[in-house]
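K.L.:
Below, each chain spelled out in residue letters.
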Amino acid sequence: MKDEEIDELKSSRREFIFMGAGLGVIALAAAAGSGVFKFKGDDPDAKSTKVKVLTTDGKLVEVEASQLMNPTEDLYVSREASRHGLPGRKFAMVIDLGKCKNARKCVDACQAGHHLTKDQEWMRVYLLQESPKEAPFWFPRPCFHCDSPMCASVCPVGATYKRSDGIVLVDNERCIGCKFCMTGCPYSVRVFNWDKPPSEDLDIPYSPETNLPGREGTVGKCVFCADKLRQGELPRCVQACPMGVIYFGDVIEDTVTNGTDTVKFSDLIRDKAAYRYLESLGTEPSVYYLPPTDRQFPVERGLEGIDEEVKERYKHTSPYELIKPSNE
Amino acid sequence: MNSDKKQLESKLLAEFVPRLEKTTLSWYLLFGFFLLLFAFGVYGLVTQIREGHIVTGMRDNVVWGMYIVNFIFFMGLSYAGALVSGSLHLFRSHWRGPVIRIAELVTVISLLIGPCFILFCIGRLDRLHFLILYPRIQSPITWDVIAITTDIFGCFIFLYLSFIEDFATLRDRVNMKMPEWRKKIYKVLALGYTGTPAQRKQLVLARDIMAGMIIAIAVIVYSVLAWIFGVTLQPGWHSTIFGPYFVIAAVFSGTGLLIILMWFFRKIYHLEEYITRTHFINVGVIMLVIACFYGYFTFSDYLTKWYGSVKMDKVLIDRLFTDFYWLFIFSNYVGILVPIVVVGLPRLRTINNITFAALIALIGLWVNRYLIVIPTLETPYLPIQDTREAWISYSSTWVEWSLSLAGIAVFGILIMLATKLVPIISVSEMTDDDEKYKQKVSF
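In order, the protein sequences belong to chains A and B. Numbering-wise, the first sequence is residues 1 to 328 according to the numbering used here. Numbering-wise, the second sequence is residues 1001 to 1443 according to the numbering used here.
So that you can see chain A by itself, here it is in the shape it has in the complex (with noise of 0.2 angstroms):
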């Protein structure tokens, strides 16, 4: 390919990809079972086909169905190549305590995106109490992403591994379904399928930096979403956060970002004296928590709005006394 005709498509990408359809993609979700498409070059053989779709500035153009394609052709990445890092990577993530509030779009995002079902939840949030005098707060922890993984470690088939970029993934055409992993690992941060998921049925080609389509009888858990930090993008609770919660980013550039705040890794690690969870356990996580001071918003807030059935949870935990509803 010539370079001027790489400049084309790559301009012409620019305009004609649309990522779901709140960014206006409102045609041809049928056609191919994705909703996501990407321009494509000439091609003769093939039939000539109009299709409406919408561009980023709001116009309506026709173009031939023949010009777009899947972009999860290109995009998908095999179990082989999801075995290597993102060259001269290493990711972190940063949780500011302070601002969460229980809002639960990083739950929803993650579920959404990974099709998982209610019950699954490989970013959660808890209810948590250090000790009886200290403040309860709400704490989201999606996968540690640990670089002394248990985890893998324990593995007996080297379906769970560690990539050069710090991201430890599950290779569920590889997972035997042993569940040791499960108990290796000391945040609970894994996730059987002890029936046939919703996903197993997803006419896409397995990848393990999406996890998708998930198997009945393997292990899944949050994969720091490695496809989305392929394409450069957040990770999608990163992105759903409205309270800009969640800082992520690479720790060899020393930065980190929540979408709006763009943020010298090693200076809010220092400054806010952020700490990892049960760092004694030596497991060496990539995730940071600061502490919740300067709150936002009251605990008690994150009970407001979430459904009866979330809300139902916390209750047998004792910080739940302490921020239960005056009328309870």
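Don't read these hints as lab results, they were simulated from the structure. Take the hints with a grain of salt, since some may be wrong.
[Claimed, not checked] Here's a subset of chain B near chain A, in silico, CB distances under 10 angstroms, partners left out: (1) MET1058; (2) LEU1133; (3) VAL1145; (4) THR1149; (5) PHE1153.
[Claimed, not checked] Distance windows between CB atoms, simulated: (6) A:LYS324 to B:TRP1326: 31 to 37 angstroms; (7) A:GLN231 to B:TRP1398: 35 to 41 angstroms; (8) B:THR1240 to A:GLU279: 19 to 25 angstroms; (9) A:ILE306 to B:CYS1292: 53 to 59 angstroms; (10) B:ILE1241 to A:GLU279: 42 to 48 angstroms; (11) A:GLU130 to B:THR1150: 45 to 51 angstroms; (12) A:PRO87 to B:SER1393: 45 to 51 angstroms; (13) B:VAL1310 to A:LYS324: 55 to 61 angstroms; (14) B:ASP1126 to A:LEU202: 18 to 24 angstroms; (15) A:LEU202 to B:ILE1209: 27 to 33 angstroms.
Every residue, glycine too, gets a C-beta built ideally from N, C-alpha and C.
Here the structure of chain A is known, so what remains is to put chain B in place on it, guided by the hints.
P.N.:
Then chain B, alone, in the frame of chain A:
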């Protein structure tokens, strides 16, 4: 062989051969009952494979349930032979004759059943061969695969070697009332053994080597099994004592089961003459010593956890003494003290009492494994915040029970089949004379 031994041999054969020849109605009835239980287990397994592991009581917190408890338990039983028969054989205990075969059978049979339970626990049985195709030697499960396979082969060889002399005796016996094919089996299995001095020497040497080896392998297998728990960071599991603790617990359960089976065979086959109170006391004393060690390990493990009171250890122990109070008392007090008291006080040492104590110990040990596996998984570092009762605390379902009962049934089936193949009391061991060991090659 002197004339006394010859006499004993013909007497034993006269008594046992008819049992091989004829099968009673009650044998068939019991066998049928076990087959029914087995079929129920098969149905449970089919249900589990068809509908997924959702039909079990296991969920994301308690990812290992009754299957793993049974796995540890049956592996422990296999110690009856490995350590007991191995060391009885090596030390040439003069009283071992009537009990050694039962012990050896228990070893091999429970060793065949135990690993099945870990298979029931695996989500993708269709990928089992990945354990061989993509093994990671860093994983304790891989250690387990290697150790258990070695153990099965080792124990099987040891058992087989102990059968050869009896196979040869049965082969040479004329007028046995059984179909030709069964006689042929003895001929093939006897491997042409005729009892020449050279053959004897070889057999004695082989058995000695295997006895030594299976003792070592058994210690390794059970330690590796303990390390599956010990290497994790979970409260209650992350303990350096787990290796030796599991080994001791295994010998304890093995001797317990041996006593119970001795009682059964004595009753069913009227072996009062051969299996006497002395045998019960001797095996009972082994059980007593092991119970003391086991109690000491248990106490030591819980004391250090409780006194140091690391937060999660404390949470776990608090739960053991509240939610699991009676189970804890039963397994770690009653199950240990009853065998010690019953065997320890000469007045209480009747055959029935010792058997009762063994039964209590055996059940206590099963509960002990339950208390090792389940409460720890119900007490993760991050509190379980869930609304669904089944996801918070474990309770086993009918599927798990059906497979557990099937495990017991298979044990019964295989023991019953074995009693049709060889005399349940080893004729060769009974008529064993010390003379032949004098020719033994020392090693």
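K.L.:
State for each hint whether it applies.
P.N.:
For each hint, the structure was consulted:
no. : hint                                      : verdict
1   : MET1058                                   : 8 angstroms, holds
2   : LEU1133                                   : 8 angstroms, holds
3   : VAL1145                                   : 7 angstroms, holds
4   : THR1149                                   : 14 angstroms, violated
5   : PHE1153                                   : 20 angstroms, violated
6   : A:LYS324 to B:TRP1326: 31 to 37 angstroms : 33 angstroms, holds
7   : A:GLN231 to B:TRP1398: 35 to 41 angstroms : 48 angstroms, violated
8   : B:THR1240 to A:GLU279: 19 to 25 angstroms : 22 angstroms, holds
9   : A:ILE306 to B:CYS1292: 53 to 59 angstroms : 56 angstroms, holds
10  : B:ILE1241 to A:GLU279: 42 to 48 angstroms : 26 angstroms, violated
11  : A:GLU130 to B:THR1150: 45 to 51 angstroms : 47 angstroms, holds
12  : A:PRO87 to B:SER1393: 45 to 51 angstroms  : 46 angstroms, holds
13  : B:VAL1310 to A:LYS324: 55 to 61 angstroms : 30 angstroms, violated
14  : B:ASP1126 to A:LEU202: 18 to 24 angstroms : 20 angstroms, holds
15  : A:LEU202 to B:ILE1209: 27 to 33 angstroms : 57 angstroms, violated
Figure legend: structure checked against the earlier numbered hints; hints not met, in rising order: 4, 5, 7, 10, 13 and 15.
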